[in-house]
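Could you build all of it, start to finish, from the sequences and the hints given here?
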Amino acid sequence: MSLRRTALKLLPTLCLCVTLVACGSGESRVVQGNRNGILHYGNGTEPQGLDPHIVTGLPESHIVRALFEGLAVKNPFTLEPEPGVAQSWDISEDGRTVTFHLNPQARWSNGDTMTAHDYVWSWQRALNPAMGNQYAYMLYPIENAEAFATGKLQDFAEVGVKALDKHTLQVQLVTATPYFIQLMDHYSTFAVHRPTIEKFGQATDRFTPWTRVENIVGNGAFTLKEWKLNRRIRVEKSGTYWDRDRVKLNGVVFYPTENISSEERMFRVGQLHYTQTIPLDKIPVYRAMENSPYVNAPYLGTYYYLLNINEAPLQDVRVRRALSLAIDRERLNNTVLHAANVPAYGITPPGTLGYQPPKLFGHDVAAARQLLAEAGFPDGEGWPGLELTYNTSESHRKIAVALQQMWKDALNIEVTLSNQEWKVYLDSVDQMNFQMARRGWIGDYVDPNNFLDLFLCDGGNNNTGFCDPQYDDMITRQAPRAKSREERYAIFYAAETLLMEQMPFIPIYTYTSNHLIHPSVRDMPSNLMDSLNLKYVWLDQNWEGAQ
Amino acid sequence: MSDASITDIAQAEQGTSLWHDAWLRLRRNRLALFGLGILVLFITIALLTPWIAPYGYAEQNLDLGASGPSAAHWLGTDIFGRDLLTQIMYGGRISLAVGFIATAVALLIGVTWGAVAGYVGGRVDAVMMRLVDILYALPFMIFIVLLMVVFGRNLLLLFLAIGAVEWLTMARIMRSQVQTLRQQEFVEAAVSLGLSPSTIIRRHVIPNALGPIIVYTTLTIPSVMLLEAFLSFLGLGIQPPQTSWGLLISYGAETMEEYPWLLLFPGLALTLTLFSLNFLGDGLRDALDVRGSRD
Amino acid sequence: MALLEVNNLGVSFVTRNGTNRAVDDVSFTVESGQITAIIGESGSGKSVACYSLLGLIPQPPGRIDSGQALFGGRDLLQLPEAELRKVRGRDIAMVFQDPMTCLNPYMTVGKQLVEPLRYHQKTPAAQARRRALELLQEVGIRDPESTIDNYPHQFSGGMRQRVMIAMALINEPQLLIADEPTTALDVTIQAQILQLIAELQRKRDIGVIFISHDLAVVADIADQIVVMQEGKIVESGDRTGIFRHARHPYTQKLLAAIPADSKAGATLSPEPLIQVRHLATWFGQGRKQEPVKAVNDVSFDIRRGEVLGVVGESGSGKSTIGRSLLRLVPVTAGQVLFDDTDVTQLKGRALKDMRRRMQIIFQDPFASLNPRMTVYDTLAEPLLLHGIENRSSVARGVLKLMDDVGLARNFVRKYPHEFSGGQRQRIAIGRALATHPEFVVADEPVSALDVTIQAQILDLMLALGREYGLTMMFISHDLAVVRHIADRILVLYRGEIVEQGTGHELFENPQQTYTRELLQSIPGRSLLQ
Amino acid sequence: MWRFIAYRLLQAIPVILAVITVTFFLVRVAPGGPFDSEKAVVPEVKAALEAQYRLDQPLLTQYAAYLGDLAQGELGPSFKYPGRSVNELIAAGLPVTAELGLYALLVAMIIGGVAGIIASLKPNTAQDYLPMSAAMIGICMPSFLLGPLLVLVFGIYLDWLPVSGWGDIPGDKILPAITLGSTYAAYIARLSRAGMLEVMTQDYIRTARAKGLPEWQVVTRHALRGGLIPVVAFLGPAFAGLLSGSFVVETIFQIPGLGRFYVQAAFNRDYTMILGTTVFLSTLIVLFNLLSDILAAWMNPRLRTQFSEH
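Those protein sequences? They're chains A, B, C and D, same order as listed. If you count the first sequence from 1, position 340 lands on 1099 in the working numbering, and the numbers rise without skipping. If you count the second sequence from 1, position 13 lands on 105 in the working numbering, and the numbers rise without skipping. If you count the third sequence from 1, position 430 lands on 438 in the working numbering, and the numbers rise without skipping. If you count the fourth sequence from 1, position 176 lands on 1322 in the working numbering, and the numbers rise without skipping.
Hint data in this document are derived by calculation from the structure and do not stem from the laboratory. Please note that the accuracy of each hint is not assured.
Said to hold, decoys possible - Computed footprint of chain B on chain D; a stretch qualifies when at least three of its residues, placed anywhere within it, have a C-beta under 8 Å from a C-beta of chain B:
1) 1165-1172
2) 1175-1187
3) 1287-1298
Here the structure is a predicted model, which is why all the values come from computation and not from measurement. No residue lacks a Cβ here, since even glycine has one placed at the ideal position from N, Cα and C.
Structure (structure tokens):
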């Protein structure tokens, strides 16, 4: 019978396979990479795409920022802006006019010179409503940009961006925007190569193949060499990049390491230099290691529970505060979270460009019980029940389960949990179809404003029903007019104090970035934005000797 | 009438059904009895759990965290410092209920559907089986999410959702069994007696097709228990702090290196159940196969 | 010296219910150039005795307790398995009962044929194939060149048995054991195969053990006859000795069971109970295919109280007629008038009522009883269904039926498999009679039974027929049996009636060649006349 | 034969059409849309996106348009991966998943078949219980458990095999194939054991023994073929199941296959991708069921001649 014969034929092959591989997997990718200057980078997921005006996620940004460069770039050590495509910029007295002087050496990867016109065209594309760019609002500080992006204005000439000459770009802002230069490092403000895009279709087409390996033209430190779906993306050092002498890596390979446990295992056997994150329960193991590859650093993001203040019993501020006071954040962080995060008592991460948020409360069970009693639920009596919604995830579950018990112990109240599949959860939050819901906010740029404007009355990400005209006034009117950083921060402090007294959400912790980084990787500092600037990174082949 | 014939009649009337006979035969199968014993034990524990569990199922000790087996916690604790034995006992309540009820739902639908399709045959069969094909091909996840949104979250729905998936294979197995049985002369004899099709299916066809169905059922129960965990991740299943073996195993799998006991003990519970079911299933199949007892 | 000498063989089976001695102190010899027939009914140990010689009984549960079997100077029972394997298929070959199941359906006939040759003699493939072709020719397969690569199902039953015989002979064995080689075949084919075995035996001058339950079958060919009952040999001797001067009562009983008489013509009411007019039953085979015309334009009457015999070989449509009358297969055309009601048009309630009046008894009592229902359930079902008995009286009704068909009352809770074939057929008869039908179709009701049981069942049916006032249609391939029971006989060939008449008429004065051929084939005919 | 195939394919058309229709409307009513994200999307942007994907048109128009595209073999652009068509994504994932499925099936057949056959030769002895118990563990060992376990043992502790990847490092296909195949190995073991037990009681096995063939030849030459027919009939559904059910294994081992697309499409509400993969997979299921039926028929000469005569 042929089946048997096939099986017999295959048997020796199988045996051979086993003996071959049994000798061990040979030299690891990391060792090879160190020798060849190739960084193997765990990048989370397969990127949606590489068009800077379409993509939205972190994994995409890592690759896009390798292939493209903004007018200004954040220094990875200080997060202060430093020259990118623009070698310098001037800001007018009133702060409303910014003039960028482009580096004449800046080239597209096909050799074309980069010009100010590239930016005018690119920003028109980025703002064009037909483009569906979800980060178009990054350019809203520019005069009339918002009107153009929302279709209220048709003529792009009225938008405050002008090419004064080939290498000079002038931008007119709505109001003084201290963080505007920072935004130039966000990929939605990057320039794209017009001839390439137009070769494959209209400027605003989402479906063209212009970002494919064989077509894409960028201006970053690296160029795209290989893109295998769900497998890897390989970039190589660019020969046309203006600052190519500073680039030390010969290439980077990005892996879509979807499963964080798999990512950790890949790191452990030397398949990766860098992991996007680390499974929570592995932290103690790695932390205890000598020469630990575990790197933990503050991150510009806050983890909190939204409270729907239109719903009983949460419309009572005392209940909201009681819930928040009953949480022992320190204990939560030190046990379930393995001390990997920082307890949060406000929305803004501490030290956001020098800003320190107010800390108005702490863990205070007595006060919490008192507040709840005043609200009419002494020792949980008459408690109508409360549901906490969160999207399915191991760490969300852990936090929810721990808090559920804390509330039970401290206040004697029942909180039920409801985990939802991601899109269902998004829908619930968006429709305000919840009582209490998990939420995380990651800053787009380093400024308290990015967190505090969440809770504006018409804030798209407010989702609590909180609305205070006084608060809106402080954030939208008073703060931009502040004369100095100190004055501005004082206004923010007052606003955040007001916010935390009303407690439309319960802050839980401030995010940290958690990575495993191979000791041979140099000059890849941790920073608040977890901002990756591959230009500086290099691999030390002699890392073992160096330590 | 003589005395002898009166005792004969009494003997004839004494209820010794197929199931009674099967039980008598099953009692002689030691492995099957072992399986049955374990299952009964597990079910009893599940029923008594609220009274005999060493700890409350939500009782945490965050400072203790995950700890290995000890005198205070025989099977150790999870990362919240909750007693694992307690968790497994409460998890068993859910898992056993899901396993048995959902499988029963699948069994009921699948056996009926397959028997009717196979027995009636022709166009009815074609239409019924095409429907099965369609249901097979639908994206299950979307279906579940939708169910949850439309009907909200409850345990009954969980049973139905799982049953709704598992009955498909059951129907196919049943159908192919029935198709061969339909040709048998004893079915023809039943037709010639004037029995209605439904009676023939119930009395003559299904009992003779039970063997493979029982074996498949015993395989279904554990996979249903694992499926429940998946549905819980989609939000349809149970919510923390409630737990089930499937969930405990999938949590345990995440930390199999750090806290192996969190995987080992729930896994053991499920495996033991699977083996017991399997022994019982094989035993039941043999017991119901009245011919087999000849040798 | 004898070819095979079996002395004091004892074989037992260990079961849960204790040890069952299947073969008890059996001794016999087989001479080269002779056919030794071993006769006995199922369970008499005749097959077990022969299988145990070759180590073909499963051990456990089987166990050889004692004895020796000398073959070529060696005791087969003492040979290690590897040595015994060399004897099997080379020196001693076997032919089994059912050629349908004994050939591997997944292998071509050619491949199976050469296997013993290739294995035992290491014959090269081409040479083995030539040998196989020669043998196929010899056993009467026409055009073996083109059929050797066919699969068994592509052969008819008789041809398959010829293949089996060829396979057994391919290594030129000294001894051939044939276990009921003709029982599953039609009478005409049976006659041919018997003739073939006798011929081959003479030509090769080998020894043959012919196992059968039917004395008549071996009447023409056996040299020596051994009669076994319950594991023991009750009588043995040469052919004429056994047939003319049987001493043991069991042997006499076996001889008496050979149906030899025609039923005496009874006076019957001329009024027909059933009138069949232009009945046709075709089985479709897909749209473009010509349908199989199993029954084609058949008309006849059955008179009240009559037993109508229907004879024909397999494929003649005799079973289909019975099933058509009872609406168990869809009728293509024609009418079946039962008491002037057209059965083919009935539906629902009317059909159910009609079913009560017409019943069927099937050939295979294994298959026709639900294996998972006790006798009680089987018999109670029709009684309750048709309201003949109610819940409280049903037990009494069941026992009455068991009395009628001669089953002991204490069997009431047993399952079909716990009964012998004859007992099972009694249950099937009981079930058919439960509805007090007027008409019963008996479809080969005795052909799966041992001869002595056959006679009992036939007598039972005749007796019950009289008691219940039944009209009966008796279907069989065996003319001798039909003659014994039927008032009138239809001879069926390829879906059509070729001849009809009383048994006496047909036997004495057959009109058609086909009928004559059937008569010629009745085994042991010469001996009986 | 061809008539039979044509008939079965014809029968499949309404099934697939029904699957498309139900799926199309099912995904639309499911909560959450393809453009929902954690950060609220500006309404204008959302409108622009929806226009680009025809989502602003009435549902029935969209449905008709989809069917129209489908008739031309176009599965449409992916929502999640702009710039890539569903056709392209499937074409990228299919070969990998098919290869993985094939290896898994091979593993399942070798492990399961051998276990089942060995067990069937001495039923109800240790030789039966041991392999069957091992097979049973395969059933209750879900791949999310078995995969990491194998990786830990063979990838990390023993360092014999790579922990992830597909075709990058030699030997990286072994662990995924075993993980995916083990569940099916268990089923195949049960099927082949039952099949062999059945066949070994057949009369023609006795014939083979009477020919003097040694036991192993009786098993391999005469019993295997008939005993494995139920296994072959199971292969079609099994392969289809492997293709659509490889998500977990693909994720654990970072394999760029179709299974990930299939499941993630549902999570992402990538409408065209859900539809595309569903249509594709349901077609495959039909095809493979047909294929295994044909194969099983081909293994059974009685059915084979019936086929060729028709």
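Cross-check of the supplied hints:
With 4 residues having a Cβ less than 8 Å from any Cβ of chain B, the segment 1165-1172 of chain D passes the three-residue criterion, so the hint holds. Counting residues of the segment 1175-1187 of chain D whose beta carbon lies closer than 8 Å to any beta carbon of chain B gives 3, which meets the minimum of three for the stated coverage. Counting residues of the segment 1287-1298 of chain D whose CB falls under 8 Å from any CB of chain B gives 6; the rule of at least 3 is met.
Checked against the numbered hints above, the structure violates none of them.
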